[in-house]
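Residue numbers (our numbering), protein chains in the order written: chain A, 1 to 133; chain B, 134 to 543.
Wrong hints could be hidden among the right ones.
From the structure, some residues in chain B lie toward chain A, with a derived Cβ separation under 8 Å [said to hold, decoys possible]: (1) LYS154; (2) GLN157; (3) ALA161; (4) ILE165; (5) GLY181; (6) ASP189; (7) ALA190; (8) GLY191; (9) GLU193; (10) PHE194; (11) GLY291; (12) PRO292; (13) SER293; (14) LEU392; (15) ALA396.
If you anchor each label on the Cβ, the simulated ranges turn out as follows [claimed, not checked]: (16) GLU115(A) - GLU164(B): 19 to 27 Å; (17) GLY52(A) - PRO416(B): 30 to 38 Å; (18) MET493(B) - HIS118(A): 44 to 52 Å.
Partial list, computed: chain B residues near chain A (C-beta under 8 Å) [claimed, not checked]: (19) ILE158; (20) GLY290; (21) LEU308; (22) LEU310; (23) THR311.
Treat the hints as calculated values from the structure; they're not laboratory data.
Cβ coordinates follow ideal geometry from the N, Cα and C atoms, glycine included.
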Amino acid sequence: MESSKRVKLQGRAIFTGKARGTALVSPNAIGFLGGVDPQTGVVIEPGHPLHGECVAGRILVFPTGKGSTVGSYTLYRMVRAGVAPAGMINARSEAIVAVGAIISEIPMVDQIDLERIHPGDVVEIEGNVVWIG
Amino acid sequence: MRLTSEERGMLAGAEGPAVKKAMQIVTALAEIYAAECLVPVASVQIAGVSFKNLGDAGLEFLQEWAAQGARVRVPSFLNPAGMDMARWQEMRVAPSFAEKQIELVRTLESMGAEPTCTCTPYLVGHAPQLGQHLAWSESSAVSYANSVVGALTNREGGPSALAAAIVGRTAAYGLHLTENRRPTHVIDVAARLENEADYAALGSFVGRTVGDGIPYFRLRSLSAAPTQEQLMTLGAAMAASGAVALYHVEGVTPEAATLAPAAALPIVAVPDLREAHAGLNSPVDAIDFVSVGCPHSTLRDIERIATLLDGHRVTATLWITTSRYVRALAEQRGLVKRIEQAGGHVLADTCLIVAPVEEMGFTAMATNSGKAAFYAPAHSHLQRRLGSIEQCMAAAITGRWSEEQGQDGV
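The shape of chain A in the complex, shown without the other chains:
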């Protein structure tokens, strides 16, 4: 059992907080408006690598955001519906997801090497630090 070996990655806190969950990793950018169902938390963008996956309660790991700035409000709506991700990790944050994380109070870190995080890893966000394992 090697489970005690935790990996520590340091990034930049976009919204400071603590969150823990299993990683849902997307190699592609995510656009929340029209890309994720705000009532169910399921990714609905046709052809997206996470299509059909539910982001609720997961640590959502994706390179960056895309699409309409209204997507910030979609994240807020997901929190209200109880289907938001527990936390978010980006390689390079942009305005839409960053603002969404702030107004929805979802712990979020960017400037992380996403190669280090694998689907299903247990991941913890604590301020600007990401723990794996």
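Let chain A serve as the given structure and place chain B on it in line with the hints.
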């Protein structure tokens, strides 16, 4: 990043939770875009006003922010809503949508924003000035303020613009810095530019070509300076097909002389607009919807339209979309009545981009807007034709598209 003591206080919650949240948004964006400081803004244009785009999520968030005490501290005004706030029934908007839309605008008003509901705030008493910092958000308004006026604004997102309004500041990056306002491409236009549809086609092509670059136009075939309407439609088209937030026109726009292009810039030659027009025209002849006013129509254009419609009756549904202020002026001059006598609608506060047009059963639209022509197929499920106001009014009257009047060589 340097913050003043007042700004640090806002971030720490000294002015309450609503201001704290706004400052968190503004400073997070400053961090992301590596701004060194914040800059006070003279005015804010808030996008994300249509319930079609915002939905219940946005409405709930705004209501909560307002309940926390969120108030704007600089002149702030709204982008178009999803309907004419007074004539939504005439537009055949569903009452369930109208109810939410009214609630949404009321919530923003309760924060102190002026319900201008227009993408042309510069036509209705909010003309910015050369060198002024702004936080505007609708892409054609941003383009106009930066390019035609020489004010300084990035394209703010809906929530970030509102946050800027609440703290009176935005992050000083991008187009707020003069060094980022230099041209990236020279657009050498030999093609003849005869009407606004030619400017729309040119803008659509250039936006696609330069992406988020800064084009510097040399308009070679020009006999007179472009009109305000032509510059409006050029900027709107480039901001739709690309992400152009600033352009320069040699001899026309205020910064063209001071930010002249470096010798080594890529040059894009535009010998004619044939292909550009073709890309914005579906092969359709029967027209059941004509939409003019994207960006919102000027009084001059409404006068042109009234004159073209005198003595005629439209067979297609005709929308002229404009601001409530310009509509009031048009009403005083009897123009609205003349257009209504021909069967047309002069609608305020909205446009076909943000109204729920896809639910109204139209199939093919004629427009004079490059932006509308760009978005119509995906956004509103419409086939479309792009042409001059004269062509659009002919289509409204006959229900058929004719290429006779207007551009030759198309």
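Q) So which hints don't hold here, by number, going up? A) Violated hints: 14, 15, 21, 22 and 23; rest satisfied.
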